[in-house]
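Visitor: Model the full structure from these sequences, guided by the hints.
Number of protein chains: 2
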Amino acid sequence: MTEARTTTKDRAIEEAPPFFGARFSLYPMTDRYIPVILDAIKGLRDTGLEVETDDVSTFVGGDRDRVFGELTRVFAAAARTGEHVVMTVLLSHGCPGETYCESTGEIRMPAQSARDGAKTGIAVSAQWSLYPLGSDGYMDLIYREIERTKKAGVFAKGAHFVSGLRGDLSEVLGAIGASFDAACADAGHVVAHATLSANSPTEKPS
Amino acid sequence: MTEARTTTKDRAIEEAPPFFGARFSLYPMTDRYIPVILDAIKGLRDTGLEVETDDVSTFVGGDRDRVFGELTRVFAAAARTGEHVVMTVLLSHGCPGETYCESTGEIRMPAQSARDGAKTGIAVSAQWSLYPLGSDGYMDLIYREIERTKKAGVFAKGAHFVSGLRGDLSEVLGAIGASFDAACADAGHVVAHATLSANSPTEKPS
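As given, the protein sequences belong to chains A and B, one line each in that order. Quick note on numbering that gives the first Met the number 0: the first sequence kicks off at 0 and runs consecutively. Quick note on numbering that gives the first Met the number 0: the second sequence kicks off at 0 and runs consecutively.
Keep in mind the hints are simulated off the structure, nothing from the lab. Treat the hints with care, since some could be wrong.
[Unchecked claim] Okay, the calculated beta carbon distance ranges per label pair:
no., chain 1, residue 1, chain 2, residue 2, range
1, B, 117, A, 81, 39 to 45 Å
2, A, 43, B, 200, 17 to 23 Å
3, B, 184, A, 118, 43 to 49 Å
[As the list claims (entries may be wrong)] Computed footprint of chain B on chain A, listed as stretches where at least three residues anywhere in the stretch have a Cβ under 8 Å from a Cβ of chain B:
no., stretch
4, 39-47
5, 68-79
6, 154-161
7, 167-177
The structure presented is a predicted model; accordingly, all values stated were derived computationally and were not measured. Idealized CB from N, CA, C, for every residue including glycine.
Guide: Set out below in structure tokens:
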């Protein structure tokens, strides 16, 4: 009986996952920034994901593995131009707001990730921060997830308010995604912000 | 508000304010991005504020009014080149982390703001989000502070995960600062992220 109920409940969770989405912006530091952006986001609207663009950023909602796949693809395309490009990403899971999001804040784990993590050949320097909201023990969760990026081999250095990461684009976004998913197991509403940089003329470690 | 009560306690708070700082990045979408950035941040190290630069962002710590003043000055200088420029800003107050920050998480109001808010003549479109950490009632605090930006006349529109703001640079940064300060009265650890854009070729409202 309990088994049957669990199965139905699990199925319901799979059918109606907690609201997840990303908001990203792409900054190519070149006079050609418009074609670089347009070429990079080409096809995004044909993915079946929810896409909303405004003058500051682009929202992409839907299956998290596909969202991460698109973030990787878009940034890789922009970075392959050889220009210095930066992408900022806001990730959000389970936002309980009414006007701003649709979910309930209840703790529900995302389905297991199917991200493949094949290397892109693009070296990135990144900074990210994780915000588990509405929870007393959020600092422990943050430290645990910083540890996870160390085990993944992409942690470069801690700094005020952020962690610096370095590695192949797919490793860095993969580590951020793995930490984000793990935090969602312990907090109903989780937000992360990340800044990814490629082809920077600055050689100093982040 | 409790500004009228100037007590020994308040004076002690002024002497040892909670750890506050900002981390910003400037993205001029032009081949000339290096001189635009270097010209904009000129003088930042002579302000007496704590400044740390790496390959992804710049940390500025110290008196919050002076930090806001520098953020305004830096972005105004970059925008006055006429190039499409974006600045991202992470604000943090009272982070209780050890490696990453220095304060205690205890709720301590910042001193009253002395920001003058003189208009810069620079029209910006912005998106921001506020994260009061470690508190159950954080969504109420977020809604209250979004209301404050509406009263300030800079709120443009709500979107997934962010609020869109529009107005003169000093009005927009002033509204973000006022909301941030007010949130610090009710949460020991508050983070905000903002993206400011000027001279964008995209005319769509944010």
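Visitor: For every hint, state whether the structure bears it out.
Guide: Hints and how they fare:
no.: 1; hint: B:117 <-> A:81: 39 to 45 Å; verdict: 42 Å, holds
no.: 2; hint: A:43 <-> B:200: 17 to 23 Å; verdict: 19 Å, holds
no.: 3; hint: B:184 <-> A:118: 43 to 49 Å; verdict: 47 Å, holds
no.: 4; hint: 39-47; verdict: violated (count 0)
no.: 5; hint: 68-79; verdict: violated (count 0)
no.: 6; hint: 154-161; verdict: holds (count 5)
no.: 7; hint: 167-177; verdict: violated (count 0)
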